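Undergrad: Residue numbers 6 to 95, in this note's numbering, belong to the letters of the sequence shown in order.
Treat the hints loosely; a few may be bogus.
What the hints assert, rightly or not - In silico DSSO-like pairs for lysine-lysine, Cα to Cα no more than 30 Å straight-line: (1) K50 with K67; (2) K11 with K90; (3) K11 with K67; (4) K11 with K50; (5) K11 with K45; (6) K90 with K45.
Said to hold, decoys possible - Restraint ranges, calculated between C-beta atoms of paired labels, are given here: (7) G95 with D27: 13 to 23 Å; (8) E85 with R34: 41 to 51 Å; (9) D41 with K11: 11 to 21 Å; (10) G88 with V37: 30 to 40 Å; (11) Q21 with E85: 14 to 24 Å; (12) D27 with H57: 31 to 41 Å; (13) G88 with F42: 31 to 41 Å; (14) H66 with R86: 16 to 26 Å; (15) Q31 with R86: 37 to 47 Å; (16) A92 with D27: 26 to 36 Å; (17) G88 with K67: 20 to 30 Å; (18) E43 with A77: 15 to 25 Å.
No lab work stands behind these hints, which were simulated from the structure alone. Keep in mind the model is a prediction, meaning the values are calculated, not measured. By construction, the Cβ of each residue, glycine as well, lies at the ideal position given by its N, Cα and C atoms.
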Amino acid sequence: MSIEIKTIPIGGNFRQFLDVVDLIYQNDRHYVRPLDFELKGRLSKNYPFWQHARGIAFTAHKDGVCVGRITAQIDDLWNERHGSKTAFFG
């Protein structure tokens with residue numbers, strides 16, 4: 006009954022990361038899944054944001070089934086401009 010956390014580097018294989026929303030929102034008739042190519046584009050290491058930022062994605066697995074996802078990012082440009090050590094997630 007434990008949760009296993011797996012990491013996915015930016016530019017990695019995001020199939021489970023993209024598909025888990027189908028399980029999470031399966032009973033929400035108002036949910037509209039974002040287009041895969043949009044999210045894949047933002048998570049590609051060639052996306053302009055990653056020229057000045059670092060990040061990683063996480064998936065949560067319960068009994069072998071992917072049940073959740075989140076990303077964490079550190080925007081070095083933001084931190085430099087604001088004199089901070091801020092990280093973002095979502």
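Undergrad: Determine for every hint whether it applies to the structure shown.
TA: Comparing the hints with the structure gives:
no. : hint                     : result
1   : K50 with K67             : holds, 28 Å
2   : K11 with K90             : holds, 25 Å
3   : K11 with K67             : holds, 11 Å
4   : K11 with K50             : holds, 19 Å
5   : K11 with K45             : holds, 18 Å
6   : K90 with K45             : holds, 27 Å
7   : G95 with D27: 13 to 23 Å : holds, 19 Å
8   : E85 with R34: 41 to 51 Å : holds, 44 Å
9   : D41 with K11: 11 to 21 Å : holds, 19 Å
10  : G88 with V37: 30 to 40 Å : holds, 39 Å
11  : Q21 with E85: 14 to 24 Å : violated, 34 Å
12  : D27 with H57: 31 to 41 Å : holds, 32 Å
13  : G88 with F42: 31 to 41 Å : holds, 36 Å
14  : H66 with R86: 16 to 26 Å : violated, 37 Å
15  : Q31 with R86: 37 to 47 Å : holds, 41 Å
16  : A92 with D27: 26 to 36 Å : holds, 28 Å
17  : G88 with K67: 20 to 30 Å : violated, 40 Å
18  : E43 with A77: 15 to 25 Å : holds, 20 Å
Violated hints for the displayed structure, listed by number in ascending order: 11, 14, 17.
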